Amino acid sequence: MGLNEKPLSTLHEKSSFDLADFEVPTGREEAWRFTPLSRLKGLHNGKAEAVGHVRVDVDAAPEVTVETVGRDDARVGKSFVPTDRVSAQAWNTFEKATVITVPREAVTSKPTVLTLTGSGDGASYGHIVVKVEPLAEAVLVLDHKGSAVYADNIEFVVGEGANLKVVSVQDWADDAVHVSHHHAQLAKDATFRSFVVTLGGDLVRLSPSVAYTAPGGDADMSGVYFVDAGQHLEHRLLVDHSQPNCKSNVDYRGALQGEDAHAVWIGDVIIRVEAEGTDTYELNRNLILTDGARADSVPNLEILTGEVAGAGHASASGRLDDEHIFYLQARGIPYDEARRLVVRGFLGQLIEKIQIEEIRERIMSAVEAELAR
Amino acid sequence: MSTLEIRDLQVAVEDKEILRGVNLTVKAGQTHAIMGPNGSGKSTLAYAIAGHPKYTITGGQVLLDGVDLLELSVDERARAGLFLAMQYPVEVPGVSVSNFLRSAVTAVRGEAPKLREFAKDLKGGMDALSIDPAFAQRNLNEGFSGGEKKRHEILQMELLKPKIAVLDETDSGLDVDALRVVSEGINRFRASGETGVLLITHYTRILRYVKPDFVHVFAAGRIVEQGGPELAEKLEAEGYEQYTKASA
Ligand SMILES: Nc1ncnc2c1ncn2[C@@H]1O[C@H](COP(=O)(O)OP(=O)(O)OP(=O)(O)O)[C@@H](O)[C@H]1O
Ligand SMILES: [Mg+2]
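If you read the protein sequences in the order shown, they are chains A and B. What the first sequence shows, in the numbering used here, is residues 55 to 427, in sequence order. What the second sequence shows, in the numbering used here, is residues -15 to 232, in sequence order.
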């Protein structure tokens, strides 16, 4: 149960589509205690009026359909219920949702890329539904850039035996504020791979969650982040094992440098009474490159059944190893480059897991660009 | 012709005095062996010359062709032509051998080697040291056996072509075949006559392959005796007792 007084499972109990069911956070709540509320620009207290725009451009694989729909569309809001104030605010405020459908048994021939571009003209709210029908396979890239104050919910509905790989890159401009919830719902034998890359923005708070509706689901959630001076980059993972024989693996790594660079990583995994045969592991590692940077890393694992196949978690935050740097420098490599090699190696070990070369290289070069700054 | 000149070098670790005035000159074309008991300060000498941050220089000078190395950063010393083969090479996760070597060669030469040329040099170097080419893709020293690490140190030396190489117990932990392969590497490096070698060892067996010109006995942080190759044989037969007693 860690630091929490209440069991983990109760922290995620409250869910509602009604904004009035959520009080405005004060910062004392377990779920908000790390987030600098004053920098949310009103996304959490109803003061961020929806006057701005985040444009959504879709470069879709030919096999998928892309629609822009209204709030009343039957496919929207079926796979999740908001569990916090900002998620509920986004749900109640968005006007148009993007719905992407991968038809039954379709195997997409290329990644579908959604580019979300903030135009810097005020707050806005979004909603995306990605529906992968049974036995279909798809790769989706979400590319966030520009300047925005933006809250959204994204539903990943992965059908029976289907396979969805998602890469979400948050490479916002320096002043952006983004609070996002990724809700993955896995049907029987569904496979979900999520890779999150968070580099830019003043404050990014991303909450990826996984729910299972039947046995056999397999979720892998990885992420890398690079926090510069003054940035607050927060990732809050939740895997709710409520079905037997499902798997989950969570692996996030971050590097931090500069005054008031702040990373927060929360990894909540619940294994409920019914979830026998669950196999789960979660890991977070942080590399702190300078003084003045801080990483808060809190893995929580609550096991309510006696029959798990495997369950573990680990978290480690440390400094750059002097011996590594000395070895590289002793071979003539200047300090800055030695440091870059080590950081790139640290994050690269995770990025290498991405099987799609095009996407792997894209992420590697985004990280390279960040390191070269 | 290069010269490494160590003048009255004094070094402390965490306020503990380890080196108490070391004097030694290594010229191009020469091979000097340093032998001495455990804890006498041999690695301290090697690390201090290379600039490891753990060691504090409390006195003396180290000159490479007249340039005071102690004024330079670790990487500048390496680029000036100094190489240290470490007693315990460090594992660096996530950094591949080939990527590391290319960065090092680029830094030392001051320009990136042509890709094809570099690949050829690397392959040749690995072949000569009986290193499996697959190691190029592995993480630096990660999971390497003791002997594999030592061979990689010599590979780096051959690729970086320093003026002076300090080899700290490169022979320890090697089986007979590896010892021969590594010795051949050192001899290739010496062959030009334009490089100097400072070889730290506990055993005369490497000195049968790599003939030293001078042998120095190290005890309690300084050189207590010097001689020719015959001194090594004497040490092997009699041990260090007479020196440790004398310096205690
Ligand atoms: N961090 C440290 N703190 C305190 N003492 C240290 C530290 N590092 C080294 N020493 C001491 O310095 C002395 C010299 O060590 P050094 O490693 O140079 O010996 P060496 O001659 O290379 O020994 P070996 O033959 O075992 O390799 C030893 O007494 C050692 O314990
Ligand atoms: Mg030693």
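Source of the hints: derived by calculation from the structure; they are not laboratory data. This structure is a prediction, so every number in the text was calculated from the model and none was measured. Errors might be hidden in some of the hints.
[What the hints assert, rightly or not] 30 angstroms max Cα-Cα, derived BS3-like pairs, lysine-lysine:
1) LYS229(B) / LYS107(B)
2) LYS407(A) / LYS133(B)
3) LYS107(B) / LYS407(A)
How the hints compare with the structure:
Between the alpha carbons of LYS229(B) and LYS107(B) the distance comes to roughly 49 angstroms, so the proposed pair goes past 30 angstroms and is violated. A distance of roughly 27 angstroms separates the Cα atoms of LYS407(A) and LYS133(B); the hinted pair therefore holds under the 30 angstroms criterion. Between LYS107(B) and LYS407(A) the CA atoms are separated by roughly 27 angstroms; this keeps the pair inside 30 angstroms, and the hint holds.
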